[in-house]
Each structure stands twice: as C-alpha cells, then as structure tokens.
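Trainee: Here are the chains, one letter per residue:
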Amino acid sequence: MPNAIELQNLRKIFTFSVKNPRYSIWKNFFNPDRQEIVAVDSISLAVERGESVAFIGPNGAGKSTTIKMLAGILYPTSGTISVLGLNPQRERQRLSYNIGTVFGQRSQLVFNLPVRDSFRLFGKIYELSDRMIQQRQKELVALFAIEDIMDQPVRKLSLGQRMRAEIAVSLIHRPKIIFLDEPTIGLDIVAKRRLREVLKNLNRKFGTTIFLTSHDAGDIEALCARTIIINHGRAILDMETAVLQRKFLTQKRVRVDFSQPTKFTAIADTRLVHRDDNSVQFMVDTSKIALKDVLDELTTHYSIEDMDVEHPSLEEIISTIYGQQAR
Amino acid sequence: MASRHGSAKYWHIFSASFREKFDSRGTIVTYGIMWSVRVIVLLLIYSFAFRYRGGSPVNGITLPTALWSMAIYFIVLSFDIRWLYRAISRDIRLGTIEVKITKPYHYVLYHASHNCGRGSASLLFVLFITIAVLPWLAGFPPVVLTGQIIVAGTLLLFMGSTIAILLYSAIGLSAVWLHDADPLYWIMDKTIMVLGGSFVPMALFPPSVRWFAEHSPWGATMFITQIVNPDFIERWPQLALSQIFWVMIMAAITGLIAQQANKRLSIHGG
Chain A
2 MPNAIELQNL RKIFTFSVKN PRYSIWKNFF NPDRQEIVAV DSISLAVERG ESVAFIGPNG
62 AGKSTTIKML AGILYPTSGT ISVLGLNPQR ERQRLSYNIG TVFGQRSQLV FNLPVRDSFR
122 LFGKIYELSD RMIQQRQKEL VALFAIEDIM DQPVRKLSLG QRMRAEIAVS LIHRPKIIFL
182 DEPTIGLDIV AKRRLREVLK NLNRKFGTTI FLTSHDAGDI EALCARTIII NHGRAILDME
242 TAVLQRKFLT QKRVRVDFSQ PTKFTAIADT RLVHRDDNSV QFMVDTSKIA LKDVLDELTT
302 HYSIEDMDVE HPSLEEIIST IYGQQAR
Chain B
4 MASRHGSAKY WHIFSASFRE KFDSRGTIVT YGIMWSVRVI VLLLIYSFAF RYRGGSPVNG
64 ITLPTALWSM AIYFIVLSFD IRWLYRAISR DIRLGTIEVK ITKPYHYVLY HASHNCGRGS
124 ASLLFVLFIT IAVLPWLAGF PPVVLTGQII VAGTLLLFMG STIAILLYSA IGLSAVWLHD
184 ADPLYWIMDK TIMVLGGSFV PMALFPPSVR WFAEHSPWGA TMFITQIVNP DFIERWPQLA
244 LSQIFWVMIM AAITGLIAQQ ANKRLSIHGG
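Top to bottom, those sequences are chains A and B.
Sequential numbering from 2 applies to the first sequence in this note's numbering.
Sequential numbering from 4 applies to the second sequence in this note's numbering.
Among the clues, some could well be false.
Keeping only pairs whose Cα atoms sit at most 27 Å apart, straight-line, the calculated DSSO-like set for lysine-lysine is [to be verified]:
1. A:Lys264 / A:Lys289
2. A:Lys248 / A:Lys264
3. B:Lys266 / A:Lys20
4. B:Lys103 / B:Lys266
5. B:Lys193 / A:Lys177
6. A:Lys193 / B:Lys266
7. A:Lys139 / A:Lys201
8. A:Lys139 / B:Lys266
9. A:Lys201 / B:Lys103
10. A:Lys248 / A:Lys289
11. A:Lys206 / A:Lys177
12. A:Lys177 / A:Lys193
13. A:Lys201 / A:Lys264
14. B:Lys103 / A:Lys157
15. A:Lys248 / A:Lys206
16. A:Lys139 / A:Lys177
17. B:Lys103 / A:Lys177
18. A:Lys177 / A:Lys157
What the simulated footprint calls covered on chain A by chain B, stretch by stretch (three residues with Cβ under 8 Å from a Cβ of chain B suffice, anywhere in the stretch; the number is not a length) [claimed, not checked]:
19. 69-75
20. 96-106
21. 113-122
22. 126-135
Far from chain B, by Cβ distances over 12 Å, these chain A residues were calculated [unchecked claim]:
23. Asn29
24. Leu110
25. Leu144
26. Asp270
27. Ile290
Hints listed in this document are in silico derivations from the structure and should not be mistaken for laboratory results.
Glycine included, C-beta positions come from ideal geometry on N, C-alpha and C.
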C-alpha cells in the first residue's frame, strides 16, 4: 500500500512582473521585468497512512503552497507528488474522493441553508447513497457534538460552531487524508480545545491521516505526533513532536524565592533575567551547565522558601528554531 | 452507476442553490419588479413607435410579437447565467476556488448548476408575472404553440444557455491572467444584450446586423426570443445549426482556457 504522501524534490516558483523605474511606461507595460520567488524549494518527504503531521513555518515559508500542491490546487514547477499513490494534478477528481480539505476561514457550507442540507449536498456530491449519508451524518454529528446546530442556517452560526460543522461536513465521505490549513484560526480557547479533541478522535477512530499547518503551537502539541518545520521553502527539521520538545529543552527558566532578604551572586554559565532582595530569575543552558549543579549551588549557599524550574513552551521552541534559521 | 450519480450531483447542487435563493424572497420580488419596469418602459416606447406607423407591422413583426420577444429575453436573463462570470472571477481573485476545485465535480459545471439553480427561483417568479400580466398589456403574439415549436424552442433555449455558460465561464476564468476582467465582461454582456435582442428584437435589425447576430455566438445565446416570430417554424433548423457550431467552438475555447488557467492558478498565501 503506498504511503499517504510522498514528495520528491518538490519545487514551486511564482513569477510576477515588476516595474523598473529606469524603463519607459510603455516598456513597463508591454515588456516588464519578471521576478521569481521560490516558494517551495526541493522538499522531499514521506508521510505514512494514519500519521498526524504538523507542517509548520513562519509566514511565507511555503507551507500553504505545499498543501495546495498536495490537494491538486496548484501545479508544481518541478518534482513529483504522490498522494495515496495518485498524482494530485493529473488525477485530482479521483483523489478528491479520498481527501478532505479545510482551509482556515473559507467556508464550503451552503450559507443560507441549515447545516443538515450541507451534509446532504456533500453526501450527494461524493455520490453516497441516502442510507450512507444518514449513517455518516449520525456518526459525525455525535463526534463533533453539533446536533443542536443541525437545523440552524449556516449564516447564524458562531465561528467555533461553523468550524466544527465545516470539518464534519468535509469528512462525510470518510477521507483517508485530511488537509487542515489553520483550522483553529480565530477560535476561542474552548472552541480550539474541542476541535483538537475531535480531530484526535478522528485520527484514532478511523486512522485518518492528518496533515496540518498552523501557527498555533497548541494545535501541534495536541494533535501531531510528528512535526516538519519549513522555512524559505525548505524543510529544515523533521522529527517526532515529543523529541523536538526534548531536544530543544536545553533552556530552563529557574525562579527562586528566598526566605530572607539575600544578595544573590550570579552563577557561572547562567543568564540573569531578574534579581531583587527576595527573589531571582535566571536561564540555565543545560548544554553548558548541568541543572543539578545549579540546584546544588542554590541549596548550598542560599536559604530558599520556594523554587520553580520551567520548560519553554513549544511555541518558544519553534520561535527559537525560526530565529536560528533567520540568523 | 457512477455516471448516473455523476450527473445527479449537479442536480443536487442546482436544487440546493434553488432552495437557498428561494429563501431570499426579497431579492426575487425586487428582480420581478425590475423586470416589470423594463417591460413596461419597452411597452410604452414600442406602442408609440408602432402607433406612429399607423399600427402596421415593421419587418413583418407586430407590436405583441416585438414585446413578447423582448420579454422572453429578460425571462432568460433572469436565469442568472451572466453572474457565472462574477462567481468564477471572484473565486479566483479571493482564492475561494481552493475549496471548490478539491471536490469531485467539474468546477465550471458546479458554478453553472449553482447559478442556474439560483436563477431558476427568479425565473419562475418572472415567468409567473409574464404569463399573468403581459397578455393584458400587450395581447398574445400571433403564434400557435404546436408541439414542434415547443420542442424546437426548448432545444434553442438549452443550446443558447450552453453557449452563454461557456462564454461567461471563459471570461470568468480569464481572471487568472487579468487582475480585473470586468471590462471584458461588460463588452461581452452588452454585445449579448444588443445582438440578443434585449431592447430591439432581432427581427427588427437591419439585414446585415441580423445576419451577424444570427451567425455570432452572442446572438446565438438568445435565439429563443425568435420563438414568437411568424417565420420561426421555417427558420429554427438554421438557427439550431448555428448554435451547434458555436457550442462546439466555445466548448473547445473554454476547455482550453480552463486547462491553461488550471496550470497558472496562484492563490495568495500560496
């Protein structure tokens, strides 16, 4: 059985015309200079069926372009793409029966009709029988907890309700892969958490491959076992999300409250963040000094009332990686 | 089974769009009022023109024939095919095309079914007003609707609508190259309006203009308006042949544009 996704040296170059101030208005109009932007630069990767992968990067990194090429929306400039063993550009219609797509705040529901009508319409578009539509609708309504909004016109739904309905409808044909481009954008914390739970269940229950792009580290932490980081069109990192967190957990934040006013002396190989008579905060790079040694020094020389050692969040880790790339 | 279901999905898109538009009763009624105003203005102008000629036919066309011909034009117009351009070009400009072309249907047929479904709601309302009001205002055209005329009329309506769908889709798809295809659309739309016989029925055109209208894709979209002409029964096979020709040409051109547009598509953010 072929992998869910396979990319080989995938490239996408966008060209556009630019005005040259040295040219006449006629030359700029009829024969302008062309500029190229390499949006995706030789990406090769494979995603197995049933995997949940986060495909992340800063704005303009090339992640949306890649996802659009995977869904057959854009044509690559060069390289090969295989999604479930199909070529998305040449076999887009055939592939569409096996993939689901959710693009941020773009809606595919019938705006003025109740959500129920969108389920039926999409069921028919995917050529499902009435019985099958009923059965799938029942499953998805339960999974996404949207029974109470089924008879409401889509235009009356809140963003969170609509996103749940969007994703539920996009799964009516039980796709083998779902491409999610910023699915939680604009949602509040409760709606985000609910949506992540549902997607996790979907991956567990039906083995649906999830390919997600998001700027929200919470989405990645909650949903994706694997993270691929892309920047300037290139895949710069590809590893398990848990390993990514461990590997980049060399920075610890230590916060200490002293039991009496104390004059704290900075420990070698640490970076002081805050200091007063009663407390201190500093960063420890564990690749330079063992955390145990730092704690030993603290407990030996100071009278401590309370102490915290914090890991950086995934968001901070990702931000650090982007920063390293930028340098 | 696949092909039966394959075509059935377009019916479901049509039907959902019809129900969606039918819910916006205000828009439909407004459209009906707009239609009535147009027909009443035409009625006043043409009544005056025919009275000026002592009520005798012009080019073999009587006042009721002229009015029914133009009323049919506006009935067909209410089918909303022209807004296919707007729907497609908006999809391309705003990037909403990405949620549509990843579905298992033909993108242009999706929009055609969607627009025709929406248009049908207005069309039914306008048709109802026409049948209820126009005989009172203009009388009946001197045509007996035989089975042959109905079949021929249906055929010309279907093929004319197909040409219109292809023309407006081609202009809509050109938004991939042109950031703003509105000027092209307006040229196309007004050419159809003039050559299709909106404000002057084709039968009243000078011979050379009528020949051009009957041999151009723009005029071919509205041959159905000639159903009320006394010579329709003799002329419809020739009109149908012209439409078949333009359906083939426009299908080839629009197919080519769609294929190229597909390759050149670019959506902001990718």
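Trainee: If a hint holds in the structure, say so; if it does not, say that too.
Mentor: Hints and how they fare:
no.: 1; hint: A:Lys264 / A:Lys289; result: 24 Å, holds
no.: 2; hint: A:Lys248 / A:Lys264; result: 34 Å, violated
no.: 3; hint: B:Lys266 / A:Lys20; result: 25 Å, holds
no.: 4; hint: B:Lys103 / B:Lys266; result: 16 Å, holds
no.: 5; hint: B:Lys193 / A:Lys177; result: 48 Å, violated
no.: 6; hint: A:Lys193 / B:Lys266; result: 35 Å, violated
no.: 7; hint: A:Lys139 / A:Lys201; result: 19 Å, holds
no.: 8; hint: A:Lys139 / B:Lys266; result: 39 Å, violated
no.: 9; hint: A:Lys201 / B:Lys103; result: 26 Å, holds
no.: 10; hint: A:Lys248 / A:Lys289; result: 14 Å, holds
no.: 11; hint: A:Lys206 / A:Lys177; result: 12 Å, holds
no.: 12; hint: A:Lys177 / A:Lys193; result: 23 Å, holds
no.: 13; hint: A:Lys201 / A:Lys264; result: 50 Å, violated
no.: 14; hint: B:Lys103 / A:Lys157; result: 22 Å, holds
no.: 15; hint: A:Lys248 / A:Lys206; result: 30 Å, violated
no.: 16; hint: A:Lys139 / A:Lys177; result: 19 Å, holds
no.: 17; hint: B:Lys103 / A:Lys177; result: 19 Å, holds
no.: 18; hint: A:Lys177 / A:Lys157; result: 31 Å, violated
no.: 19; hint: 69-75; result: holds (count 5)
no.: 20; hint: 96-106; result: holds (count 5)
no.: 21; hint: 113-122; result: holds (count 5)
no.: 22; hint: 126-135; result: holds (count 3)
no.: 23; hint: Asn29; result: 16 Å, holds
no.: 24; hint: Leu110; result: 10 Å, violated
no.: 25; hint: Leu144; result: 21 Å, holds
no.: 26; hint: Asp270; result: 43 Å, holds
no.: 27; hint: Ile290; result: 43 Å, holds
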